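Protein chains: 2
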Amino acid sequence: MTKRVLDLWSEVDVIAGYKTYIDLIRPWVAGKKLVSTGMRQEIDRCREVVEIALEGQRIALVSSGDAGVYGMAGILIECLEEKDALDTPLEIIPGISAANAAASLLGAPLMHDYAVLSLSDLLTPWEVIQKRVKLAAEGDFVMAIYNPKSKGRQDQIEWVRKAVLEYRSPATPVGIVREALRGESQVVITTLEEFTQSPIDMLTTVIIGNSNTRVVGPYMVTPRGYVL
Amino acid sequence: MTKRVLDLWSEVDVIAGYKTYIDLIRPWVAGKKLVSTGMRQEIDRCREVVEIALEGQRIALVSSGDAGVYGMAGILIECLEEKDALDTPLEIIPGISAANAAASLLGAPLMHDYAVLSLSDLLTPWEVIQKRVKLAAEGDFVMAIYNPKSKGRQDQIEWVRKAVLEYRSPATPVGIVREALRGESQVVITTLEEFTQSPIDMLTTVIIGNSNTRVVGPYMVTPRGYVL
Numbered sequence: 001m002t003k004r005v006l007d008l009w010s011e012v013d014v015i016a017g018y019k020t021y022i023d024l025i026r027p028w029v030a031g032k033k034l035v036s037t038g039m040r041q042e043i044d045r046c047r048e049v050v051e052i053a054l055e056g057q058r059i060a061l062v063s064s065g066d067a068g069v070y071g072m073a074g075i076l077i078e079c080l081e082e083k084d085a086l087d088t089p090l091e092i093i094p095g096i097s098a099a100n101a102a103a104s105l106l107g108a109p110l111m112h113d114y115a116v117l118s119l120s121d122l123l124t125p126w127e128v129i130q131k132r133v134k135l136a137a138e139g140d141f142v143m144a145i146y147n148p149k150s151k152g153r154q155d156q157i158e159w160v161r162k163a164v165l166e167y168r169s170p171a172t173p174v175g176i177v178r179e180a181l182r183g184e185s186q187v188v189i190t191t192l193e194e195f196t197q198s199p200i201d202m203l204t205t206v207i208i209g210n211s212n213t214r215v216v217g218p219y220m221v222t223p224r225g226y227v228l
Numbered sequence: 001m002t003k004r005v006l007d008l009w010s011e012v013d014v015i016a017g018y019k020t021y022i023d024l025i026r027p028w029v030a031g032k033k034l035v036s037t038g039m040r041q042e043i044d045r046c047r048e049v050v051e052i053a054l055e056g057q058r059i060a061l062v063s064s065g066d067a068g069v070y071g072m073a074g075i076l077i078e079c080l081e082e083k084d085a086l087d088t089p090l091e092i093i094p095g096i097s098a099a100n101a102a103a104s105l106l107g108a109p110l111m112h113d114y115a116v117l118s119l120s121d122l123l124t125p126w127e128v129i130q131k132r133v134k135l136a137a138e139g140d141f142v143m144a145i146y147n148p149k150s151k152g153r154q155d156q157i158e159w160v161r162k163a164v165l166e167y168r169s170p171a172t173p174v175g176i177v178r179e180a181l182r183g184e185s186q187v188v189i190t191t192l193e194e195f196t197q198s199p200i201d202m203l204t205t206v207i208i209g210n211s212n213t214r215v216v217g218p219y220m221v222t223p224r225g226y227v228l
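If you're matching them up, the sequences are chains A and B in order. Heads up: the first sequence at position 49 corresponds to 49 in the UniProt record's numbering, and the numbers run straight through without jumps. Heads up: the second sequence at position 86 corresponds to 86 in the UniProt record's numbering, and the numbers run straight through without jumps.
Derived by calculation from the structure, the hints in this document are not laboratory data. One thing to keep in mind: the hints can contain errors.
Here are the simulated BS3-like pairs of lysine-lysine, each with C-alpha atoms no more than 25 Å apart in a straight line [stated by the list, open to error]:
id, chain 1, residue 1, chain 2, residue 2
1, B, Lys131, A, Lys162
2, A, Lys151, A, Lys131
3, B, Lys19, A, Lys131
4, B, Lys19, B, Lys33
Reference excerpt, derived from the structure (chain B facing chain A, CB under 10 Å, subset only) [unchecked claim]:
id, residue
5, Asn100
6, Gly152
7, Arg153
8, Ile200
The structure presented is a predicted model; accordingly, all values stated were derived computationally and were not measured. Every residue, glycine too, gets a C-beta built ideally from N, C-alpha and C.
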């Protein structure tokens, strides 16, 4: 949570968000009017936020990580557009995205060019995701993978493993972080050859190293290229 | 600055960093011992930090944005390795990287898969950078470009413009943000065709939209794919 967010709570009348996130911030928002909704109700949530704002109330919409990365910022702007209300005052406050949080727990895997990808095919054709994985692998980008698995989607990450192995060594370091910086984080550093044998679920971020990424003691590090 | 960083200042004895960053945090660190160094002295700065830590003092090394993205986290771990001191207690605190800060000022351009690239060829061969730009463009990744120009390096961004035009429409939105969330931010939303006519320097982050990115009122938005 940034200083801007800590200051924000006193400036708004209402706080809205997915139930789990509202629960996380409860200690900071005692006495505020709270509007919480369930998962996969993003559009309804945004429409409700816009309605409340158009009534003249100051409302904060809470997103996890960075609202601007697979978060609520885009859909909220589209809901303002739908209501012809794009002149409504809006501040988007950036946060620590899961890739950056996971990286901080692994060491420094994102020190060089990287690609951020989601494997969720709910809103993106799987063929588009496959193409991006292949090109990122070919470009030797470090890869930060969001939504690697869900209950109904178990096999994509294994496809990714095989696709990246076409371009990188089986020994390439891979970091797996569950619930990064949210309570009890679980951190594993393993290899491209073996990483899909570790537990991975929808709360996990997977970071695949590039051809220079090394394991340095307890850390996963992608060197920037300085010569010591 | 995150809550963790605000809490940190009281936990350390010494604070080190590039002079400009030390100046930015001066209001929070009154009375602390400060060690500031100039630009391009990253290795010396890290070695000094390691020495102070090995003397038993608690020291914070300040980086701008996210220390884990083109920042000091990796080189610090390599300096610990050099001194055979990898068991030294180390906490890497993630921050808001320039891409995420710039995105928040532009609207929501990073709502879908994106690639983070630096055009600095000080430590990376220009041919590697060129290859990555082409592959990211082909993969329809939103592109967040760090270090687009420096005093001695003016022409690469024009090469990038032409390379991306091979894959994307001239009307593709491009956002240019200078000094994102650091004092007086300057924000421009323009097009792939024209963006190199806007002022760009080493304090600028450039975000090139993908094939779905739209200008929505005053915002640049890459839709996630929700149907309203």
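Against the structure, the hints come out as follows:
1. B/Lys131 to A/Lys162: holds (22 Å)
2. A/Lys151 to A/Lys131: The hint holds at about 23 Å.
3. B/Lys19 to A/Lys131: violated (43 Å)
4. B/Lys19 to B/Lys33: holds (14 Å)
5. Asn100: Status holds, d = 4 Å.
6. Gly152: Hint violated; B/Gly152 Cβ to chain A Cβ min 18 Å, cut 10 Å.
7. Arg153: Status violated, d = 16 Å.
8. Ile200: Violated. Min distance 19 Å.
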